[in-house]
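Trainee: The chain contents come next:
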Amino acid sequence: MPQTEAATSQKPHVGAVLSLRGVSKSFGAVRALSDVDLDVKRGEVTALLGDNGAGKSTLVKILAGVHPADSGAIEFDGREVVISSPTAARNLGIATVYQDLALCDNLDVVANLFLGREDGGLLLSEERMEERAWDLLGQLSAKIPSVRTAVAGLSGGQRQTVAIARSLVGDPAVVILDEPTAALGVAQTAEVLNLIERLRDRGHAVLLITHNMADVAAVADRAVVLRLGRNNGEFRIAETTSEEIVAAITGAVDNTVTRRASRTRHQASEEEPS
Amino acid sequence: MTRARATSAALTVDAGDERLIRVTGWDQSARRFVKRVRAGDIGSLPIIVGLILIWGIIQGLNSSFLSSRNLVNLATQCAADGVIAVGVVLVLLVAEIDLSVGSMSGLASSILGIGLTSAGWSLPVAIVVALAAGVAVGLIYSFVYVRFNVPSFVITLAGLLAILGLQLQILGAHGSINLPFQSAIVGFMQRAFVPDTLSYILAGVIVAWYVMTQLLRMRRRRAAHLSAGSLTKTVTVALLLLVGLEFGCWYLNKSRGVSLPFVLLVVLVIVVDFALRRTRWGRSVYAVGGSVEAARRAGIKLWRVYVSVFVLCSTLAALGGLMSAGRLSAASISSGTGDTNLNAIAAAVIGGTSLFGGRGNAYSALLGIVVIESIANGLTLLNLTSAVRFMITGGVLMLAVIVDSMARRTRVAHGAA
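These protein sequence lines are chains A and B, in that order. The opening position of the first sequence corresponds to residue 1 in the numbering used here, with each subsequent residue numbered one higher. The opening position of the second sequence corresponds to residue 1001 in the numbering used here, with each subsequent residue numbered one higher.
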């Protein structure tokens, strides 16, 4: 990916809004990331895959401003940037939905959506926030019966929806989702996957961190695989089989996972997009 | 866009979901209320029931308890510790505690005592110095808490001892100082009552304020295409409030009337409640009490919240100390010791502010202190000693904490923890 393309491109669907080049990060004697490249594009769902310890979380934390990178360049909209804090990441237009969601159970949906970014001057303008909340949830076709109930009373999928909707409040260019379906049931997972597609259709660049190959096959356009802190392949989902991606994740073509996968190939091939 | 407005023009945006149970009429409102209580969302209900029980029992044993004369006393007795309890509510809302409010109030009393007598300060100077001491203590607490992450329980326990020491140091050999009887603060606490006519007008103003805020809110909501709530309900509540307040004023006016210190407490509660509900600061206090990590990631500056809350709590404790010194027209080594601490903290909890943080409101300080002072006042009328009074207040506190914990568990069981 030539970097000039990212710099000149203003239109969604073309070029990377966020580009990482040669990013490295060490914790003591452990090299968590070495020379990692990553492009995240508008209107596209990029899946970030890797086994445990592959460096996914470290990369997310660098993008979210939790840890600074040791070396390497981060470009946002063609400009080289330094992401020094979570606030800096948010101001830049990178929103992160963490796995634990970070919602305040005692506050209602509206309060959670706008926490830290409330509307109004000296006094909160609750009505404006409530109207914006319905608008936001409506755009996501979210199924929340009332925005004035405490978040504690919502289901897992609804809580995930609130967390994702909250990430959209500042209209960020990039939305990072950390394992959004990990704790959800079948129907709720489908709902969140729909939500991810809607984010893409709204023109956001979505970075999806997941273990779940079914989710990747369902919504991702591209998959970037990390292995032991290095890039280990980039795949267009439409042109790739799951086995190839699994092979890149595990680092071997012949192993228990691929053998099992080939035994059930006929099932897998039915699911492949033709 | 599959918006509610698009599907049905008659419905507002927030009432579009088909799963919403629409509440119309009295019976449905009542049924929803019962359902909420059974799910653990009890609010101030136990305390109101408890208060009626306590008043009923004491009145049954001594018929002068509910006399105008005694209720006037009761209202004035509530003022000082009630002000302290408002500060405690704030600290509890962020899931912390201040155990030194009693010592802090004692320190403020002794600063006032020494200031007005041997130091020869004017009253305003003495009051400002005492309140500044409260601000300083709050700043120290929040600095230690934010900088070193020591639990507030331990910080304020150490503070309790240190401030008590400071109080003894300041009073020195005096032990007890009588405030000049003609001093304005003594007059305010002992002899200041709202004139009868003004009290009726004030009650009317409070109701008018309520109606106005409700009407404005309804108008803003309609402008934002949201359901505005029922006008009938607002009018009903306003009428009940008006009758209740005017009757209260009339009853108290049969004796000396509504005392200014009590009015001060009520105004403080209304202001703090408004700040908690309607400002960004209030929102961040509840957020920190709900989940510190979520608040931090939302970009809320935690240290600001902690500093504001600890400083307000200590300063209100100092104000409470000044008020109780004025009421007793004395400051002594025993000011603020004994039951001040227990009363203020217990009032906040009994009133329905959760010890677990994030739940409660300013009104719980008012309700709680009325319960505690009713018990104290009633048992004194019944000629029972402080021994019995302490045991009974302790029992009521225990009961309140049990109710809080059980409500929490019920909320968990109903999926609304």
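Hints were generated in silico from the structure; no laboratory data involved. One or more hints might be untrue.
Stated by the list, open to error - With the Cβ distance kept under 8 Å, some of the chain A side facing chain B (calculated, not the full set):
1. Arg79
2. Leu103
3. Leu107
4. Asp108
5. Ala111
6. Gly116
7. Leu124
8. Glu179
Ideal Cβ positions, reconstructed from N, Cα and C, are used throughout, including at glycine.
Trainee: With reference to the structure, classify each hint as holding or not holding.
Mentor: Results of checking the hints against the structure:
Annotation: arginine 79 of chain A was flagged as interfacial toward chain B, and the flag is violated, the nearest CB pair being 23 Å apart, outside 8 Å. Given hint, leucine 103 of chain A at the interface with chain B, holds; its Cβ is 6 Å from that chain's nearest Cβ, closer than 8 Å. Given the 8 Å rule on beta carbons, the hint for leucine 107 of chain A holds: about 6 Å separates it from the nearest Cβ of chain B. Annotation: aspartate 108 of chain A was flagged as interfacial toward chain B, and the flag is violated, the nearest CB pair being 10 Å apart, outside 8 Å.
For the restraint placing alanine 111 of chain A at the interface with chain B, the shortest Cβ-Cβ distance is roughly 6 Å, inside the 8 Å limit, so the hint holds. Among the interface hints, the one on glycine 116 of chain A holds; its C-beta lies about 4 Å from the nearest C-beta in chain B, closer than the 8 Å criterion. For leucine 124 of chain A, the interface hint holds, the least distance from its beta-carbon to any beta-carbon of chain B being 6 Å, beneath 8 Å. Against a cut-off of 8 Å between C-beta atoms, the interface hint on glutamate 179 of chain A is violated, since the closest Cβ of chain B lies about 16 Å away.
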